[in-house]
Amino acid sequence: MKYQHKYKKLIAITGLFVIAMGWTGCKVEPILDPNNPSTGGLTQNAQLAELQNLVVGTEAGMRIYLGTYLDNVSMIGREYYRFAASDPRVTGDLLGKGGATLDNNTFYTTNPFDGRYRDVKNTNVLIQALQNTKADITDAQRKAGIAYAKTIQAYELLMVFNQQYGNGIRVDVADPDKLGPFLSQEESLNAIQNLLNDANNDLKGNTATLPFTTTLYSNKASDFSKLNRALAARVAVYRKDWPLANTALSESFLSLTGSLTDGSYYLFSTGGGDLLNPLYFPRNTPPAEVRVAHPSFITDAIPGDTRLNKAPKRDATATQDGLNSDYDFFVYTTNVAPIPVIRNEELVLLLAEVKAQQNSFPDAILAINRIRTAAGIPPYAGAITQSALITEILFQRRYSLFGEGHRWIDMRRYERLNQLPIDRPGDDVWVQFPRPATEN
Amino acid sequence: MQNYKRLLLLICLSAPVWLFAQVSVSGTVLDGKNNPIQFASVKIKNSNQGTSTDANGKFSLTIPGKGGVLDITFVGFKATSVNVTAPTTSLIITMQEDVGHLEEVVVTGLASSTKRANLAHAVGTVSAKQLVGTTPQATVDAALYGKFPGAAVSSNSGAPGGGISIKMRGITSLVGNSQPLFIVDGVYYDNSSINSGQNFISKAANQGSTNFQENPSNRVADLDPEDIDRIEILKGASTAAIYGARAAGGVVIVTTKKGKTGKPKIELGQSIGWQMQLHKLGMRSWDTAKVRASYGANGLNIYNANGGKTYNYEDELYGVHGFMNNTRVSVSGGSEKTSYYAGMTYQDNDAIVKNTGYRKTSIRMNLEQALTKFLDLSVNANYVESNADRGYFNNDNTSTSMGVAYVSTPSWVSLYPDANGNYPNNPLAPSNWMQTRDLTTNNEKVNRTLLGGRATWKVFKNDKHDLKIIALGGIDYYTLNTKGIFPAVLQFEKNGNGTNGALIYGTTVTHNDNYSALAVYELNPNNGFIFTTQAGVNALNNDLNTVVNTATQLIGTQTNLDQAGAIQVQENRIISKDRGFFAQEEVNYKDMLIGTVGVRGDKSSRNGNADKLYYYPKFSLAFNILPLMDVKVLSLLKVRGAYGEAGNFAPFGAIYSPLVPINFNGTTGSIVDVTRGAANLEPERQKELELGVDAGILNNRVGVEFTWYKKDVEDLILKVQTPGSTGFATGWKNVAAIENKGVEIGLSAVPVLTKEWRWNAQVNWWKNTSKVTRLDVPAFNVGAFGASLGTYRIEKGKSATQIVGIGDDLDKVDPVTKLAVFGNSEPDFNLSFNNNVTWRSFELNVLMHWKQGGDNINLTPLLGDFAGTTADYDKRDLDPKGQLSNGDYRASSYGKTARPFVEDASYFRVREIGLSYVLPKELFKDIARVKLGFSGRNLINAFKYNSYDPEVSNFGVDAISSNVDVTPYPSAKSFHFNVSVTF
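Just so you know, the protein sequences line up as chains B and C, in that order.
Per full-length UniProt numbering, the first sequence starts with residue 1, numbered consecutively.
Per full-length UniProt numbering, the second sequence starts with residue 1, numbered consecutively.
One chain only, chain C, in its complex shape:
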């Protein structure tokens, strides 16, 4: 009570002073080259008041009282403070560039952050500029390529709308989830890949492999990269432990943009571009002898009837130059108490195959409000509508996918429709891909709402104590509608070839919500130590419900499910409930020794014992040695070590022993499933140790980050054979362990820094190797299509990503297993090289990526060889005996050796390149900043790999069977013209 009275008195007393005693300040914020810094934040120390600089780096504000200290901050620069005691109109503040990003603040707990210089682990960070600064990006995950070390970011195909796998530091799981957890402004962001039911037509998951190969997009594609302020990537358990039971695949923390105090900032961006096939394979040239050899008399008749004419089908199918449009508006700003950010993006990209493309509209509103002196509130809202026409590609067992039908059709067969639009039947394959392309639909449509909120209660703050309580939560809700329309007129549907047309309509409704409450207490006893204590509780609920209706025997050209002779429904639900707590203590001694101890406890209905708490501890220590040394040339020298554990659930349903439906004599019954659920299944557990050294040289103009890690994944879950007399053929068990070891080296430098020139370079090099260290079941083949075509093999003591297959006398065939090792999908190393060069108002960005080694199982040429259509069919550079042409060699190897199907998938590519120019501001009366640019993605590619793109995965985001190539949607390259205007 006493306090309030005093406070009241103080306010009364000081009121007149406010009125009369104040200091007006205006000035300019400049960088080291005396260029103005736009949108730098200028704040009065220990207050909420402040502003930001305009397009010319200018600001003005009034400091109450007799002046005070101004804190100036801007991303990429070291924070600066200026003491102002007298009014001035010409204050010049020069900010020093934070070359090594050591001042950058990185999230380390659920509610705390540390500047990079004090960090005890290697956290990958990607800023807005790195993410979208060079060239427009369709999806966030695609924008992450090569931008941080330690991950394999790989697109599954070129189909529009995404479909990207991100695997951090090697193999995390064999059958469980291997993808990272995405958290957007504190909200768990669903990243499911949901199959559309196309398998009904393709029958891909029928023989050879029971895994689906429908290449669905993953739902992180719904996030608009333009809204993102920064991304932090926690690659393994040593950093991600605090996220507990779902964090084994790593965590990607996304923070979206916020408004800054100051006048409104309006940004308009427009970009147009084109995309085209990344790598053309060409087509085989034909003559009568070749036709006869491949197709006999029947083929020759067709060939001659058409006068030997051939068509350029590669251009017909993949030759579209898809127009890409990206329109962008954002408004942000704020006052003392309120700040806001609103962003809208409209994207419309046509792709390289007719009737395919991607459209997305995203609207975001972020609002921050200081309700009272001690209570802050922030709300984020995002609505996205996206629409992807993905075409019908990848593997099938019916030769109906466009990819398979294309390689199965020689170029001398006419597939073009007649004048009335009637397509001929393909005489040599079960499908006319041109008809399929023109008449079928494979569409994914998403409506997604993401709502997040956070309340921060600053309970208490003085010199020594600072206590905050934070409550946050959010909802992620979307519906995904998949629409497959295969009309009855299609060659593979009519005349008893199929089901007389099929409609495959799927609806997925997903509702996820999460809530946390946490407290952060900072104690500064002013003796060099700072203690940060945080603890909190966490709740997460998931509910995903997919219903797929498959209608067949269609009436006419109707596309209503009612208009069908037969309909089949499948429903799949995934429900889970997680509850957890965490606590973490961080001790910082003079920025020299920074130690952290933390633990997370999680229970989940996904575990056999839903109420059991699983604990995930973490420890870390960073030691800044430099203060103890006298080395002028160094500006930072730090050694660091971190250890942590994280979990991964079994595939959904593994804990259940269900009775599955079985049809009999017109009724339906229940029978025990062939797989025995394991109610006592333990979650997979990852234990990661990470050690590293960070150094800053020459006032941080050169920064080096070296990290070594050892990641052990234990209790890996597999479906294993069980004694059949139990009534089950297979059962879920914790049976294996894998060790990943790797090195990540990051080097950043500013080799050139003059008044006009500036070159900023960043090199990342990383490598991972894995080994199976425990396997309680006999070694087994997994993934792809079996040993005759190359398959993965899990074998104790061997790499988890080795590729084996049957072999002949030229191969080193193991006498017992009858298998030879042909490769490994793990690359020898990855190297990414990012350059940013500025000269006056010009800026050039180049991001290069070199993946050395790593093999693919490439079956696209083989499928073409069976039909004699491969471009290199007649070349002779493969057969070691020098006898057979490439096509004959590959085709004749089938059944004898898998050697020709395992191919080196090294590549070098210029992932992003962008050149921009800021027009002289005088042209726009200093009001607007106008930037023009040209940019491109994947414009330069170098690889020997014999398919469209070495970066491919027929099995999507599967944990183990990636790097399989079966007639995918080919990848694209693109270029763009960009204009942006900032007021």
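Looking at chain B on its own, in the form it has when it is part of the complex:
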């Protein structure tokens, strides 16, 4: 009797205990990141304002390591020297000084590469967010928004390709755990072209406005298509697809009569936390940290070319690491000057190139002269052959697009890298950057 009591008690208590365990041992719900919005949350159901945040983030992210990229291509393209006393690799590795080569795990290789793919990632998040959002947008807007994201994605991939070139690039990077393969050089450019064309199908003739605002071009889908086509024209020219380039140009914002500076730009501001133009240095900055024009930019110029104001004479010669220049690199004249993504001056020259390649020489010369007149030099009077015109176009591109990241790529696509000047015995002109170590 007595023991029974005790056992009952024991059982009761054990029972209570089990209940207590059940209560506290209950499910632990995951806690969302209390400090930041999560990728997961936004891709499932983003509000309009959050879509806008992603767009702003994407356009801001386009500028990350843009300065490194432009220094890389401009140095190798012998447009200007970046002197950096704090880092000898800039004038060493990039110009191939002595036995120096490009490193596959150093900032100049990895930072622009990582920066561009980071932005590609952001466009993928934006695309997913647009696909799933329950915000009040029309289907046309959704399509336009996605097309916007794809356009930027294609452009960012093109920037990666410009450095990687023969290595090819990965285009399918939506799933970080299942990265797509490295495509060949040709496939890479084709994929970029397809991405642009694909996007344009949803932009062209779409009367909707984008479900957010962009600083890159118009908020109207049909207008944004003109930026898409401009980029498509550039890619088509890189691919030597002249008919496609021709069509794309005609659908782009190309204007032979309009301002040459019309176009799409990276913006900078002095606002708190914002970036300043990374290529800006005041004139006559001491040689320790400065950008100075490559001397050949002055010596090769046609006298009177107003574009020489991009390289004004310094008070004193800047010297570092066996390199000298009397001229500042002064394309960007304030610390908030915008840097072009693509602008009309390039389109006019692309038109000239396409026409020359298609043997429509008068059309090509018309475009060339638009540029020459603007630069204050006499109309073209050279030989009217395809090869002479191409040389002329590359020359005009060198001066018109100085410091905008084109020279090296132009010389590379016409296999003229051997024509770039060598400043020190043993210097090299690199064809491409190595594939980053982390990708192998």
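Any given hint might turn out to be false.
The following label-pair restraints were derived from C-beta to C-beta distances [stated by the list, open to error]:
(1) C:Phe908 / B:Gly272: 51 to 59 Å
(2) B:Thr317 / C:Lys280: 49 to 57 Å
(3) B:Asp326 / C:Gly786: 31 to 39 Å
(4) C:Asn301 / B:Thr317: 26 to 34 Å
The set of hints was computed from the structure by calculation and includes no laboratory data.
Predicted model, so just to flag it, every value in this text is computed and none were measured.
From the three backbone atoms N, C-alpha and C, an ideal C-beta is built for every residue, glycine too.
On the provided structure of chain B, position chain C as indicated by the hints.
Positioned in the frame of chain B, the structure of chain C alone reads:
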């Protein structure tokens, strides 16, 4: 029902007996030398009744019925029982000293304890006497130095208010938490180090190293050491497994004082003292040639304009003799059913730099109440207010911290203000440190409340069965206000040099709570076996929210955030939720074989899979061999082994893939972070095996504890490079494992024990070595400032604490990595030697600590060399080629070899010394016990190390990059005069 009736009957029947049959007892409790033992507990066996002895060891009480057994207990003595059957007034009870502390009861489970003689693992214990008995202590962690083996307790700098790193048994983590878990009376005690935002001025975490170097204090500093009754230290997973997912860094279990049955005991304590710079480096002596060599014509002009006069700036900056005051009151006592303890401490310490110091007020109330025969309740409440002015020191990249500015300024530049209080600009450095010292504020203020409660339900008890259910929980709540004021008038703020003044105000609100419910069942079938079963559930919630406001472009001398042209806000939150259970079974066979098996299961929102249970098992076995042997000389011989596992979370946020804010064209956008979160990240797991032998010799006059352990930390988390095409440059991964092996030897002895003399000595010796056993990524440098100045390097097969750097032709440079190994921060060994000598009423305590080996990356001299100010600049004992002076040698080595920057940081120091005298009690009519004393901390130091103190960490409690010295707040030594009165 039947039972209650019987009980009632019994009560009725026995009532008259209570009235008439009782035995009055009074007597004295004495120690082996016939000295009275004060506050020994005298209890009637199997009852709640009892009392404690007074200042003269006397007690009196009444035993109901025909007498019974009295249990007499006191810390440090073996428990004694006396059978009393007849009234007496002159009972003399002599207690035997527990020399080897074998009777000491040590916590082994969440709700059970074992006497030390039966323990299966090495648990460090520190008693109140060891903790604060020698000299006043500012913080608990600082009081732990050298008092138990197996830990590296190291202060990060001498800044007032704490900042101490405790690392148990080597490297526990690479990027995660490496500090132990603190549990105070069952309440999880937050020990965060929260940065104040000073980096805005110092830009220390900008280049070279992205880690913060603001030297914040860690919050265990808020605990008043005087309130502590005992501390148990579980050093590794073999003992700490029962604490599960957060226990990999070890667990420090703090038990605060309780009242004892008996009349009220009142203790008053007052101590005053002074602290001063521990080690002066001196200053370089100058002449015109040296000035010209270091500073050229410009310097020479300044030097000559001032007539070649030099100032003793070391004394000016670090020469304050800070007054220290410590006032203490406590009252404790209790009746049969209630006991209470109340303690209050007020501490006010000025430090060695003007305008710095530490003030703390702590109030504690502990209450225990037997509600009914079967229900006990205890409540602990603690409120602390502390205020630390910590100065502005450590590394920076702007030459504005006082430490950096001091070494950058030669002694012939006048920094003194003019008659109107206007400070001159420092012509040779960006900051006038005297102006900084006098005008800036770097203050940490804490208001903290700690509440804990415990209810014990004695469900059931008889000869065979004993079942208890315990519910306990508590809340730890504090606000930390950090205040940085950098007025616009400062050299580095005005005239476009800075932001025209800055206010950096931070507020952290922390709310943590934890609850447990557990049952303990003891079964004694009276066949030699005793089974103790316990099981329970556990819940822990953390919420920490830090907001830092940084205001710049200040209006005049205003210190209100409104009075600023620009303001920036940063918020950081840490929220987590843990739920777990545990179960443990202990079997004791005749105190000969004691085996334990236990498991803890924990889930936490800190894991990628919040609902996944992670299990942490433990096993242990102790075997007392002695009963099987016939060795007279031994009183204990035990072999023991224990194995356990414990966890450690990834740094907060590692499981998230956030979109971070980015500013653009006047608006803000979201962009994926450069680091990819890993939702599938596993917690780090430590597996520890510990084996040991304990022996007691000559009736425990000599005790030996030998412990060997092997601690493997697996699934170590690192931020590793990922393919950039994923969109992320880095990602969190479980990629490494580290093995720590070590030996700990403890030796305690009473070499002298006579009627008047007594010498109690304790020696601890310990050593740890580590090895990286798994590394899925290429070897990498981590910590400090890169290879040119010396850095740590994680490399498979090598020690986790090796220090490498670039080298020249005198170094063994690896041809592939271009790095040479220059040292290791792991000491060869540590030895602490504690002596307690008593003679009559005098008592002398001396705690010595010898750390042999272990290197620091010492950059303080190099910074001085760049400015030509190092005291040993002109000496010539460093350059192996014998050509250059020390200063030139170090400065010219920069960029060629890191060899001169890695220095042996061995030291010997008398950590604590105290002499006290108890005045003859007759002077106070036997009412009070009055003790006078003199004590000191760090009074004797011996080291060759070329900076203020080899014990230093520029990076605070960082898991790996400790032992880096960059112009810290110098350490102090102190002495104190103490009086205590006990009624």
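| message | Output the indices of the hints that this structure fails to meet, ascending. | response | The structure conflicts with no hint, since it agrees with every one listed earlier.
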